[in-house]
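Protein chains in written order, with our numbering: chain B, 78 to 217; chain R, 78 to 217; chain V, 78 to 217; chain P, 78 to 217.
Quick caveat, the hints were computed from the structure, so don't treat them as lab data. Heads up, some of the hints might be wrong.
Unchecked claim - Below 16 Å or equal to it, Euclidean Cα-Cα: the simulated EDC-like pairs (lysine to aspartate or glutamate) are:
hint	chain 1	residue 1	chain 2	residue 2
1	R	Lys186	B	Glu141
2	B	Lys148	R	Asp195
3	P	Lys110	V	Asp96
4	V	Lys148	P	Asp101
5	P	Lys148	V	Glu141
6	V	Lys110	P	Asp96
7	B	Lys148	R	Glu141
8	R	Lys197	B	Glu132
9	R	Lys148	R	Asp101
10	B	Lys186	R	Glu87
11	V	Lys197	P	Glu129
12	V	Lys186	P	Asp195
13	P	Lys157	P	Glu182
14	B	Lys110	V	Glu91
15	V	Lys143	P	Glu141
16	R	Lys148	B	Asp195
17	V	Lys148	P	Glu182
18	P	Lys143	V	Glu141
19	R	Lys110	P	Glu91
20	P	Lys186	V	Glu141
21	B	Lys110	R	Asp195
22	R	Lys122	R	Glu85
23	R	Lys148	B	Glu200
24	P	Lys197	V	Glu87
25	V	Lys110	B	Asp96
26	R	Lys110	B	Glu91
27	V	Lys110	B	Glu91
28	R	Lys110	P	Asp96
29	B	Lys148	R	Asp96
30	V	Lys148	P	Glu141
31	P	Lys110	R	Glu91
32	B	Lys197	R	Asp101
33	B	Lys143	R	Glu141
Just so we're clear, the structure is a prediction, and the values are computed from it rather than from any experiment.
There are 4 protein chains.
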Amino acid sequence: MSPMTLPEAEIVIEVPFHDVDLMDVVWHGHYAKYLEIARCALLDKIAYNYREMRESGFAWPVIEMKIRYPKPAHLGQRIKVRARMTEYEVRLKINYVITDAATGERLTKAHTVQVAVDMKAQEMLPGSPPILYQKLGIAP
Amino acid sequence: MSPMTLPEAEIVIEVPFHDVDLMDVVWHGHYAKYLEIARCALLDKIAYNYREMRESGFAWPVIEMKIRYPKPAHLGQRIKVRARMTEYEVRLKINYVITDAATGERLTKAHTVQVAVDMKAQEMLPGSPPILYQKLGIAP
Amino acid sequence: MSPMTLPEAEIVIEVPFHDVDLMDVVWHGHYAKYLEIARCALLDKIAYNYREMRESGFAWPVIEMKIRYPKPAHLGQRIKVRARMTEYEVRLKINYVITDAATGERLTKAHTVQVAVDMKAQEMLPGSPPILYQKLGIAP
Amino acid sequence: MSPMTLPEAEIVIEVPFHDVDLMDVVWHGHYAKYLEIARCALLDKIAYNYREMRESGFAWPVIEMKIRYPKPAHLGQRIKVRARMTEYEVRLKINYVITDAATGERLTKAHTVQVAVDMKAQEMLPGSPPILYQKLGIAP
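Please put together the full structure from these sequences, using the hints given.
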């Protein structure tokens, strides 16, 4: 499977009042929610979201998150969050780009990294378990 | 001024119920709040927190945040967040270490980057304005 | 104008991971966000949302919120929030009903009350200002 | 046992930046967190907080929350939340008063209601289970 065919997803959010701070922009911490909604849309596409992860015996905690905010988002603005899986072998890495839904202007870039944790043994796996390959339709 | 004397601050938080997710750990997005409380304690020490920033004519938006979560935090756990300013000339960079308040075990590492924005001109400054040097007690 | 014709709005939310607590249900405090999204959809219908309120010289703070939660909502559940304005003369009262979007089962009931505050005088008005009647298409 | 001797607790919170909205006041939905921190401090006093509740086989979901906000709280303001148990037989009712920590000015009043749910049977109890009486030091 070429990296080109790794799953992607796109969601649109209208910035709600409760996410805007007194500087009239989205408070930087709220972006973690936007990323999560896009990430879950992506994981839904491969039928491997939180519920299925748990049923498979693995938790996939986020162990790293990085966000760069070159431009702020404002109250009522419609923003598009595009999530794209870029790594899956040793760890699950997802890249995100947030743009203005109307103009396409780039606002924010981010990535998250998750690793598989065996829920019974409470141990981090050295690499992704076969179930992820299966969900991705890739031979391990 | 040696980097040794740049401001530092330390706060302790007891993980509240509403920050814990269904995996029984602090949801990764909530750490942005913990960092902010420590950052504000640090900025209070140099009398240059949000109010004073605004009065000085500058906003200091967070333009980058990176968090690494090697170990989770749990409901009721007392965690210590230590913030340390590490850059101030071109941008304001603060490093954070989160540890268990009782054992000192390292849980999380993070940094944030802020830049000065002239609120009238709505323009990002190429470097920190004199007011920051003044607050830090450093000749620009 | 009969009360029947007061504005209503309906939104659908898919419960995100970050709103679910360790009891595997939506944490009760997050409902304030759901109500707000529905309330803003309602206020958009009469072109009197936060921006227009501010431009009209009035803030409309929420001075009361009551929520009853007979049934919990779960991760991934699609819930419908229906908001209906029920008072507008002395105060702006909105009633909410949250149901499961698929089955129609009733989950939550709530109301919020807002009052007009003159932003210049920083004073609460004894009754709604003419602008609200105008937006509602009602003679004051 | 007279109502006078039911448990009480008091906490102080310094309003953080991330709880303030663009009207420069605490967004009304964030108060649910403040109430919870005070409620947990109260439940800690009788050694019957979330963990002990779970171990006792009962969940105690909040089934009602009402908040009245006569006065707003502002960034950096130190507010005191006082929680007082007022009912425990059929349901667990807690009343809250939020005041300015410095002046004692009353800002907010609230109450929450919780009921016991048998976690195995997934059924609401018609009245509080013996464990609550025991924790309160009252003969059922």
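Pairwise hint evaluation, Glu132(B) against Lys197(R), where the allowed Cα distance is 16 Å at most
Cα-Cα ~54 Å, so violated.
Holds or violated: Lys143(V) and Glu141(P), Cα atoms, limit 16 Å.
Between Lys143(V) and Glu141(P) the Cα gap is close to 7 Å, so the pair holds against 16 Å.
What's the verdict on Lys110(R) and Asp96(P), does the C-alpha distance respect the 16 Å limit or exceed it?
9 Å, holds
Would the pair Lys110(R) and Glu91(P) pass a check requiring their Cα atoms to be no farther apart than 16 Å?
Distance of about 13 Å is within 16 Å: holds.
Compare the distance between the alpha carbons of Lys186(B) and Glu87(R) with 16 Å, and conclude whether the hinted pair is satisfied.
Cα-Cα ~30 Å, so violated.
Taken at face value, is the distance from the CA of Glu91(V) to the CA of Lys110(B) at most 16 Å?
Holds: Lys110(B) and Glu91(V) sit about 13 Å apart, inside 16 Å.
Agreement of Lys186(P) and Glu141(V) with the hint, judged by alpha carbon distance not exceeding 16 Å
Distance of about 10 Å is within 16 Å: holds.
Decide if the proposed pair is consistent with the structure: Lys148(B) and Asp195(R), CA atoms, cutoff 16 Å inclusive.
OK: Lys148(B) and Asp195(R) at ~15 Å, within 16 Å.
Check whether the Cα positions of Lys110(P) and Glu91(R) lie no farther apart than 16 Å.
Given pair Lys110(P), Glu91(R) holds - Cα atoms ~13 Å apart, limit 16 Å.
Within 16 Å, alpha carbon to alpha carbon, are Lys148(R) and Glu200(B)?
The given pair, whose Cα atoms are some 12 Å apart, holds under the 16 Å limit.
Within 16 Å, alpha carbon to alpha carbon, are Lys186(V) and Asp195(P)?
Between Lys186(V) and Asp195(P) the Cα gap is close to 23 Å, so the pair fails against 16 Å, i.e. violated.
Below or equal to 16 Å on CA atoms is what counts here, so check Lys143(P) against Glu141(V).
It holds: about 7 Å lies between the C-alpha atoms, which stays within 16 Å.
In this structure, the earlier hints numbered 4, 8, 10, 11, 12, 17, 21, 24, 26, 29 are contradicted, and the remaining ones agree with it.
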